[in-house]
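J.: Sequence:
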Amino acid sequence: MLVWSDADVAACLEVLPTYDEDGDCYSYVVASDGLRLELAVSSFAADVALALYRDGVEAAVFSVRLVGCEAIRHVTDGSGEFLEFAPAECFSGRYDDSVTIPFGFRLAVKPSIRISLFSKASM
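Start counting the sequence shown at 1; every next residue gets the next number (our numbering).
In case anyone wonders, no lab produced these hints; they're calculated from the structure. Treat the hints with caution; some may be incorrect.
[Said to hold, decoys possible] Keeping only pairs whose Cα atoms sit at most 25 angstroms apart, straight-line, the calculated DMTMM-like set for lysine to aspartate or glutamate is: (1) K110 <-> D33; (2) K120 <-> D8; (3) K110 <-> E81; (4) K110 <-> E14; (5) K110 <-> E84; (6) K120 <-> E81; (7) K110 <-> D8; (8) K120 <-> E84; (9) K120 <-> D47; (10) K110 <-> E38; (11) K110 <-> D6; (12) K120 <-> D77; (13) K110 <-> D55; (14) K110 <-> D77.
[Claimed, not checked] Quick list of simulated restraints, FRET-style, between CB atoms: (15) F118 <-> D22: 28 to 34 angstroms; (16) S119 <-> L16: 28 to 34 angstroms; (17) T18 <-> A60: 14 to 20 angstroms; (18) Y19 <-> V67: 16 to 22 angstroms; (19) R65 <-> K110: 20 to 26 angstroms; (20) A45 <-> G78: 30 to 36 angstroms; (21) A45 <-> G80: 26 to 32 angstroms; (22) G56 <-> A10: 26 to 32 angstroms.
Quick reminder that beta carbons are idealized off the backbone N, C-alpha and C, glycines included.
Make the full structure from the sequences, and use the hints.
T.: So this is what it looks like as C-alpha cells:
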C-alpha cells in the first residue's frame with residue numbers, strides 16, 4: 001500500500017490533480033521552461049508513473065514507472081522542496097513516515113523541474 005498525501009504532492013508541485021472516474025488515479029501536470037512533467041499516482045495499486053516532455057518533441061525525454069511504490073514523502077530542507085519516491089520493497093515493513101526513504105528518486109519543480117536519483121548511503 002502506498003503511503004502518501006495528495007495534498008502534499010499538490011502543494012509541492014503547485015498544481016491540483018485531475019482524477020480518473022474511480023477516484024484512484026491522481027494526475028498532475030506541471031509546465032515550466034519548455035518542459036512538461038506528467039505524474040500519475042494510483043493509490044490503490046501503489047503505482048507511480050512519471051514522464052518528462054520537451055516542447056516540440058512527441059516522445060518523453062525521460063520516463064519511469066514504479067510498480068508497488070511504497071511511499072511518497074514531501075521534504076523541505078536546506079536544499080529546497082521536493083518529493084521523494086520509494087521503490088517497492090524498500091522497507092522491511094509498512095512505511096510509517098517516521099524514517100527517511102533510503103533510496104529512490106526525487107522530484108522538484110522550484111525553481112525549475114528537476115529529477116534525480118538518490119541514496120542516503122551515498123550522501
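J.: All hints are to be evaluated individually against the structure, with a verdict given for each.
T.: Okay, the hints, checked on the actual structure:
1. This hinted pair checks out: K110 and D33 have alpha carbons roughly 11 angstroms apart, not beyond 25 angstroms.
2. Using a Cα cut-off of 25 angstroms, the hinted pair K120 and D8 holds, with the two alpha carbons roughly 22 angstroms apart.
3. Only pairs whose Cα atoms come within 25 angstroms are accepted, and K110 paired with E81 is accepted, the gap being roughly 7 angstroms.
4. As the CA atoms of K110 and E14 are separated by approximately 9 angstroms, the hinted pair is consistent with the 25 angstroms bound.
5. Under the criterion of a C-alpha separation no larger than 25 angstroms, the hint pairing K110 with E84 is consistent with the structure, at around 14 angstroms.
6. Annotation: proposed proximity of K120 to E81 holds, straight-line Cα distance about 17 angstroms (limit 25 angstroms).
7. As the CA atoms of K110 and D8 are separated by approximately 15 angstroms, the hinted pair is consistent with the 25 angstroms bound.
8. Proximity of K120 to E84 is assessed by CA-CA distance (about 12 angstroms); at most 25 angstroms being required, the pair is judged to hold.
9. Restraint check for K120 and D47: satisfied, since their Cα atoms lie roughly 23 angstroms apart, inside the 25 angstroms limit.
10. Restraint check for K110 and E38: the C-alpha separation of about 15 angstroms stays at or below 25 angstroms, so the hint holds.
11. Proximity of K110 to D6 is assessed by CA-CA distance (about 18 angstroms); at most 25 angstroms being required, the pair is judged to hold.
12. For the hint pairing K120 with D77, the CA-to-CA distance comes to about 15 angstroms; that is within 25 angstroms, so the pair holds.
13. Straight-line distance between C-alpha atoms of K110 and D55 comes to about 19 angstroms, which keeps the hinted pair within the 25 angstroms bound.
14. Our distance criterion of 25 angstroms between C-alpha atoms is met by K110 and D77, whose separation comes to about 13 angstroms.
15. A beta carbon spacing of about 32 angstroms between F118 and D22 agrees with the range 28 to 34 angstroms that was offered as a hint.
16. A beta carbon spacing of about 32 angstroms between S119 and L16 agrees with the range 28 to 34 angstroms that was offered as a hint.
17. The supplied range of 14 to 20 angstroms is met by T18 and A60, whose beta-carbon atoms lie about 19 angstroms from each other.
18. Distance hint check for Y19 and V67: the Cβ-Cβ separation is about 21 angstroms, which falls inside the suggested range of 16 to 22 angstroms.
19. Take R65 and K110: their Cβ atoms lie about 24 angstroms apart, and the range 20 to 26 angstroms holds.
20. Between A45 and G78, the C-beta spacing of about 34 angstroms keeps the proposed range 30 to 36 angstroms intact.
21. Checked against the hint of 26 to 32 angstroms, the C-beta distance between A45 and G80 comes to roughly 30 angstroms, which is consistent with it.
22. Look at G56 against A10: about 28 angstroms separates their beta carbons, and that is inside 26 to 32 angstroms.
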